[in-house]
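S.K.: Each chain, written out:
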Amino acid sequence: MGMEAIVETKPVEEDKPRIGVFVCHCGVNIAAVIDPKKLAEYAATLPNVVVAKDYTYMCSKPGQQLIIDSIKQYNLNRVVIAACSPRLHEPTFRKCLASAGLNPYLLEMANIREHCTWVHTHEPDVAFEKAKKIVELAVTRANLLEPLEEQEVSVIQRIMVIGGGIAGLFAALAAANAGFEVYLVELSPTIGGRMAQLDKTFPTLDCSKCVLTPIMNEAAAHPNIKLFTYTEVVDVQGSIGNFKVKLRKKPRYVDPSKCTACGICAEKCPVKVPNEFDMGLSMRKAIYLPFPQAVPTVYLIDPEHCLYLTKRDPKTGKPICGVCQRFCPAGAINFDEKPEEIEVDVGAIIIATGFDVFDPREKPEYGYGKYPNVITSLEFERILCATGPTGGKILCPPDWKKEPKRIVFIHCIGSRDETVNAPFCSRVCCMYTAKQAILYKERVPDGEAYVFYIDVRAAGKGFEEFYRRAVEEYGITYIRGKVSEIIKDPVRDTLVVRAEDTLTGKIVEVEADLVVLAVGMRPRKSTLELAKILKLPLSADGFLQELHMKLYPVQTAVDGVYICGCAQSPKDIPDSIAQAVAAAGYAMSLLSQGKVRTIGNVAEVNEDLCSGCGICEATCAFGAISLETKVVEGREVRRAKVDVLRCKGCGACAAACPAGAIKAKHFTDDQLLSMIRALFVGPSEALKAIKVAAPPIKAS
Amino acid sequence: MLSAQASVLKRDVISTRDFDKSFADEINRLVENSLIKCMDCGTCSSGCPSGRRTAMRIRQLVRLARLGYKPMLSMVDLWMCTTCYRCFDRCPRKVNITDAIIFIRNKAFKEGYALPKHIKVAQLVIDYGHAVPINNEIRALRKELGLPELPPTVHSFPDALKEVQKILSITKFNELANQQSKFSQ
Numbered sequence: 001m002g003m004e005a006i007v008e009t010k011p012v013e014e015d016k017p018r019i020g021v022f023v024c025h026c027g028v029n030i031a032a033v034i035d036p037k038k039l040a041e042y043a044a045t046l047p048n049v050v051v052a053k054d055y056t057y058m059c060s061k062p063g064q065q066l067i068i069d070s071i072k073q074y075n076l077n078r079v080v081i082a083a084c085s086p087r088l089h090e091p092t093f094r095k096c097l098a099s100a101g102l103n104p105y106l107l108e109m110a111n112i113r114e115h116c117t118w119v120h121t122h123e124p125d126v127a128f129e130k131a132k133k134i135v136e137l138a139v140t141r142a143n144l145l146e147p148l149e150e151q152e153v154s155v156i157q158r159i160m161v162i163g164g165g166i167a168g169l170f171a172a173l174a175a176a177n178a179g180f181e182v183y184l185v186e187l188s189p190t191i192g193g194r195m196a197q198l199d200k201t202f203p204t205l206d207c208s209k210c211v212l213t214p215i216m217n218e219a220a221a222h223p224n225i226k227l228f229t230y231t232e233v234v235d236v237q238g239s240i241g242n243f244k245v246k247l248r249k250k251p252r253y254v255d256p257s258k259c260t261a262c263g264i265c266a267e268k269c270p271v272k273v274p275n276e277f278d279m280g281l282s283m284r285k286a287i288y289l290p291f292p293q294a295v296p297t298v299y300l301i302d303p304e305h306c307l308y309l310t311k312r313d314p315k316t317g318k319p320i321c322g323v324c325q326r327f328c329p330a331g332a333i334n335f336d337e338k339p340e341e342i343e344v345d346v347g348a349i350i351i352a353t354g355f356d357v358f359d360p361r362e363k364p365e366y367g368y369g370k371y372p373n374v375i376t377s378l379e380f381e382r383i384l385c386a387t388g389p390t391g392g393k394i395l396c397p398p399d400w401k402k403e404p405k406r407i408v409f410i411h412c413i414g415s416r417d418e419t420v421n422a423p424f425c426s427r428v429c430c431m432y433t434a435k436q437a438i439l440y441k442e443r444v445p446d447g448e449a450y451v452f453y454i455d456v457r458a459a460g461k462g463f464e465e466f467y468r469r470a471v472e473e474y475g476i477t478y479i480r481g482k483v484s485e486i487i488k489d490p491v492r493d494t495l496v497v498r499a500e501d502t503l504t505g506k507i508v509e510v511e512a513d514l515v516v517l518a519v520g521m522r523p524r525k526s527t528l529e530l531a532k533i534l535k536l537p538l539s540a541d542g543f544l545q546e547l548h549m550k551l552y553p554v555q556t557a558v559d560g561v562y563i564c565g566c567a568q569s570p571k572d573i574p575d576s577i578a579q580a581v582a583a584a585g586y587a588m589s590l591l592s593q594g595k596v597r598t599i600g601n602v603a604e605v606n607e608d609l610c611s612g613c614g615i616c617e618a619t620c621a622f623g624a625i626s627l628e629t630k631v632v633e634g635r636e637v638r639r640a641k642v643d644v645l646r647c648k649g650c651g652a653c654a655a656a657c658p659a660g661a662i663k664a665k666h667f668t669d670d671q672l673l674s675m676i677r678a679l680f681v682g683p684s685e686a687l688k689a690i691k692v693a694a695p696p697i698k699a700s
Numbered sequence: 001m002l003s004a005q006a007s008v009l010k011r012d013v014i015s016t017r018d019f020d021k022s023f024a025d026e027i028n029r030l031v032e033n034s035l036i037k038c039m040d041c042g043t044c045s046s047g048c049p050s051g052r053r054t055a056m057r058i059r060q061l062v063r064l065a066r067l068g069y070k071p072m073l074s075m076v077d078l079w080m081c082t083t084c085y086r087c088f089d090r091c092p093r094k095v096n097i098t099d100a101i102i103f104i105r106n107k108a109f110k111e112g113y114a115l116p117k118h119i120k121v122a123q124l125v126i127d128y129g130h131a132v133p134i135n136n137e138i139r140a141l142r143k144e145l146g147l148p149e150l151p152p153t154v155h156s157f158p159d160a161l162k163e164v165q166k167i168l169s170i171t172k173f174n175e176l177a178n179q180q181s182k183f184s185q
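Chains as they are written, first to last, in the working numbering: chain A, 1 to 700; chain B, 1 to 185.
Derived from the structure by calculation, the hints contain no laboratory data. Predicted, not measured: the structure shown is a model, and the values here were computed from it. Cβ coordinates follow ideal geometry from the N, Cα and C atoms, glycine included. Incorrect hints may have been included.
[Said to hold, decoys possible] Sample of chain B residues at the chain A side, in silico, Cβ under 8 Å:
1. C41
2. R59
3. P92
4. K94
5. E137
[Unchecked claim] List time: in silico DSS-like cross-link candidates among lysine-lysine, alpha-carbon distance up to 30 Å:
6. K506/A with K172/B
7. K363/A with K94/B
8. K226/A with K258/A
9. K338/A with K595/A
10. K249/A with K532/A
11. K648/A with K244/A
12. K143/B with K506/A
13. K506/A with K21/B
[As the list claims (entries may be wrong)] Just a few of them, taken from the derived set where beta-carbon distance is under 10 Å, the chain A residues facing chain B:
14. D417
15. T419
16. V420
17. R480
18. S484
19. R498
20. D501
21. I507
Chain B with its partners taken away, still in its complex shape (with noise of 0.2 Å):
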């Protein structure tokens, strides 16, 4: 499903039909207006850590918001950056990138495009108020170091766990992670 997903870049022709001039805009905003100041001139993505290890080229990200092609909120490769912020860091223009890929991502996640993955690590935040809660194997780790086996959050503090979980609920945060994923469908 997922590869299938990935494809859509490779689709033959991308339509003026699908160009969201408003979408360009709103995300253009939210970045200082820097995302209009790119030149594609590829600093970013051949910087990109994560670029030489997958196809995704944050460049052609950056081009896609740039057109307004609202389309790309459903490609999985707006799930490869790390936000290491490499390119932010190297282009020169100021491109704020990783930002904007976050924002990208805040609106494909709420459309529904969200990885299975990500909604489990969501649910495990709810549940445990951490998105890594501890296992048995970290348990013994910390014993064998001389530490207590439980560190001092939410784990050793159930009543603050509540209200974490109070804070994702008044957030809505429980309704975007109760979503079905498009990808898994």
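The following block holds chain A by itself, in its conformation from the complex (with noise of 0.2 Å):
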């Protein structure tokens, strides 16, 4: 602060800050280390401190009516409590103020728990001191406290969901069952998801498309859904309760009002790719379908692959092919579509973008990549689905005539792995695992099945049992140690997987067919790019991140965004569904609120100061901050807007604008300095330091 004219503070009469101090004992938390009552008798001798009281609980019944009773009978404009953490319990004092007629900011929690009692427990009167220090920081700021509005914005009455897997399709048919109106957005050209790719399920053994395609159809079909396929994300604007979405439709190059999905376009388009949905195990044509139960049962045109679209002759200039067009009997081919970029408003968005599978290129030593019967958990799916590449036969690639009599499943192949970035656990890998090794058994009967494990995690409903089953009924050896290299025999032309035994120390060698790796999950890139877009935080493990682990699993930071199923973390579908559903949940209790209240701590920029750097708006992690342009006397200028539904008030803009043209409100400079300067000299000479006196105190 430097060489500054130091004004003494003189607050008229009825201005004069009247502040109550209420120290809480929370049981023995606090009393068993400080005595409560002393630190009340120390706070009331301190500035405009009218009355200080101590109780057993605070936070209860009878402890807020003390608070309010004093707030009346006092007639104290501020009040500091000293208790726990303001993350607890300030909701509930500020309603309790509110409840007396008080401005809901005119609170100052003293954290004498947490801060105090709970690290200096065997220390009592370094605490005291130390709980005295604090309240009288508390007491400091509360002088300087400012009643703060809060403001009401309606709420668009309509929800997107993002991902049409099963969690997205299980969160839309939530909200759209319940009346609400829902736009599920799907970035692939098909509904359906991850859970649409695989064979059966653990631990029932159901069909996976069986249960899930009459969701899809379900979803489809339902009045109040609207489904965008083939679109992505581009931009999202605003905030809780009014988002503006920027869409892009990318051309099917087919006219689903048309296409009968008879199939003759593919049959005779001449281009052969590699199928995503068989990852790449099977064949598909540039013009094709999905898989048979895709929704919408539309042909798409694969615009990097399509001879009309890509090739010219070089002669003539024309496109060359068009095949699909000339034969198409609904005439649905429609090679000049232009992507479509669409707006949409909604009052709240759910995130239900799956994941991607790791890639174990990443780890050499298992031959992926260079071995072709080294093959991926997901890729093994296809091979046991009816719809995949051998139709349901187990067979080992690639040339799909070898049944393999000995299959070797591994564990953890990217997951519980610091090598590749991921020390956690995937959840779904040992389960899936044991039930492709029950499918195997049960089409290979003679087969020989191997399943190479760190630990078995089988904790879910019916898992240990599906588990043991495994084992008793289908007589799959599990051998405990991860598996370090497979090499191939190269007088045998075998794969010989290593590892050790670690239950008998014993190095254990398997000839085998064919080995599957149980890949682990990873976030998808395209929920990556979401999360920019919408500048959602990331865990450490690079999956979205809830507001809080345990209480707050589906929000975010970003008020009126929920995120649920693999996006969030790795899962399997019951746990998916759940999660969709709650966060379809806190989508629609949103909605019915109708109206939503801002903080009354955000920031607030004073234009005369701002120059339109436009540091602030870098710095802001929640993206509310923008540059509006203006015209000040008679020129352009840019000035920084606070967009008070996203602001959070933590203040980065405030410390990052070198022109201190933001304030935070709540934690402005004078506030904070105080405190400081109340360390070094005490409450009253720090108070006497603010230049400017507090503003007049009305009852809200």
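Mind docking these for me? Both chains are given alone in their own frames, and the hints should help you get the complex.
M.R.: Here it is in structure tokens:
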């Protein structure tokens, strides 16, 4: 602050702060270390403190009543509560102030529990001195608190669900069945997601498609759901209750209203490319239907490989091919279709964008990509599936001739592995491996199945029983040890899987016809891009971060944006569905309220000082600041503007602003600096050093 | 004698009396606290080229070190590692296994658990400045290849050998090398 003139604060009599200090015992959490009564007695001596009381549990109903009564009795206009972290009970006490007719922002929490008695349990004398300091500082700041206004904004009655896998489908259906309008946006040409690729599901061995496709059809036909497939989210503006989402619908080059999915086009198309739905194990045409039950059941043209769209006759300059158009009996092919940009307004957004699988090429010792009969679990899932490359027969790639008589499954490929930046457990691999081994034994009864594991994690309903069935009923051999390498026996031309059976300490070598790598989950690239657009934070594992791991598992740092399914963290189908419906529940609860309240402690721009440099915009983690072009004295200038619905009051912009043009309300420089000063010169002197008196207080 | 020592692991019971937490902590600290990250998956031992030919299980050595089982210093297995670093390379938890083994070996050596052959090699370093000094065969081979008979090392510079010996003496390598191996007693 340097050598600034110090003007003594001379508050007018009626504006003079009248502070009440309330010291909580928190049972024994505080009272077992320090004497709350003595602390209250000390607090009563601090500047402008009119009354100081202590009580066993301030957060209890009688505790709150004590505060309300005191506010009225002593005509208090500011309140200090010495108790726990504001993270816990600030909302409780703010309500308490409001019910006593006081602006809720005239509250200051002095955290004498987490910051004091919990960390100084064994040194009560030091703890008491520290508690005194904490209360001194809180009282100092309380002297300078200002009443703040909150605003109300109405919520658009529409929910957007991004991602049409099992999580997105359930989130959309939950909201649609409750009567809300839902826009379901899916990046790929069909809804269904990863679950559509699976053969059967653990632990019941339900046919995955049989249980999924009715859900897909229900969502597609639902009167409250509008489906946007083959559509990406390009931009999101706005905030809770009022998001403006820009979508880009990619061209299918096939008119959905005309296509009857007869398949003649694909029959005639001369171009063959690896089929992504079969993880590249089979081929599809350049015009294709992703899979027979795809929704919408409409063919589409892959513009990267279609001859009409990519090649021209060098002489005539005309496109070559176009055979699909010639043969389509419905005349549905339209090569001139262009991407379509769509702008929609929604009140809430649910993200259910799912996962990718780990690419085992990152672990070259397993030979994936080098040996064709080392495959990933998702590839094996396609081999198991009746719509897959072998029609459900278990055969070895690449020639699909040999039935594997000895198969090896390896757990934890790309999970629990710090070398590939994945210390986490992918949660589903233990169980899907047990399932795949069982399905193998059912179809190749004379075959041998080995599973190499580190730990079998079967914590779910019916999971342990299912795993035991794999061992006891199907005779699958589980060996505890992670495989270190897969090599090719040059003489016998077979794969040798090498591990330690850690339970006997013996090195085990298994000659295998087929090796299945149980690959873990990874966040999708498209999810990461979406996170950038929405300014959503990621967890250390790279998945989308929830607001609170236990209490708010579907909320995010951006209000009105909810997450579910594997976009949040690896999980199985039942957990994805449960979380999806929870996310829908929160979105519906937001819409049902009809209105959202802003917080009072937002950032405020002083336009006279703002130079429009944009540092604040780049600093804001919540996308709450944008630059507005204005005309000031005949000149066009840029000025920072705060979206109070997005602003969390973190103060990063205020700290970053080189001109001091942004004020973080409720955490003003005066408030914070006075607390620091109070540490050295005491509250009275610190308050004298404040240049401007606190503005008049009016009961809200 | 060696086989009797090698059977330490096969004792029926290892007791908490044998666990020295400070030993475990020290080794853990020396490898940047990575020892404690081991989850006993066995990737290290299954890839270990030495473990396929000997009874040494690198995972079990890490396990014993984590338990603070100090009697492991007398295990011959400790000397079966070729320090090829494959275990460290493949460890999914980035446990610096090979360096841990080297630190444990240093301790073992100091306590007299050095193989007689290792002591002989140490003597060679002191006497000739080389763990593998030149012999007539190599002299002949070098001559045949058109090289000077002696390489440009301490073999060619007797004064430099004296310097090497001085360093070995200052670092007390001599004392270590002159010890009686507990394995040969």
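S.K.: Against each hint, give a clear statement of whether it holds in the structure.
M.R.: Outcome of the hint check:
1. C41: 4 Å, holds
2. R59: Status holds, d = 6 Å.
3. P92: Holds, because the Cβ-Cβ distance from P92/B to chain A comes to roughly 4 Å (cut-off 8 Å).
4. K94: 5 Å, holds
5. E137: 34 Å, violated
6. K506/A with K172/B: Given that 30 Å is the threshold and the Cα spacing comes to 40 Å, the pair is violated.
7. K363/A with K94/B: Distance of about 14 Å is within 30 Å: holds.
8. K226/A with K258/A: Holds - the C-alpha atoms of K258/A and K226/A are around 19 Å apart, at most 30 Å.
9. K338/A with K595/A: Roughly 38 Å separates the two Cα atoms, so the pair is violated.
10. K249/A with K532/A: Distance ~20 Å between K249/A and K532/A Cα, so the pair holds.
11. K648/A with K244/A: Holds - the C-alpha atoms of K244/A and K648/A are around 20 Å apart, at most 30 Å.
12. K143/B with K506/A: Violated. K143/B to K506/A sits at ~48 Å, over the 30 Å cutoff.
13. K506/A with K21/B: Judged against 30 Å, a Cα distance of about 28 Å means the pair holds.
14. D417: At 4 Å from the nearest chain B Cβ, D417/A passes the 10 Å test, so the hint holds.
15. T419: 6 Å, holds
16. V420: 8 Å, holds
17. R480: Holds. Min distance 7 Å.
18. S484: 3 Å, holds
19. R498: It holds, given that the least Cβ distance between R498/A and chain B is near 5 Å, below 10 Å.
20. D501: Holds, about 8 Å.
21. I507: Hint holds; I507/A Cβ to chain B Cβ min 6 Å, cut 10 Å.
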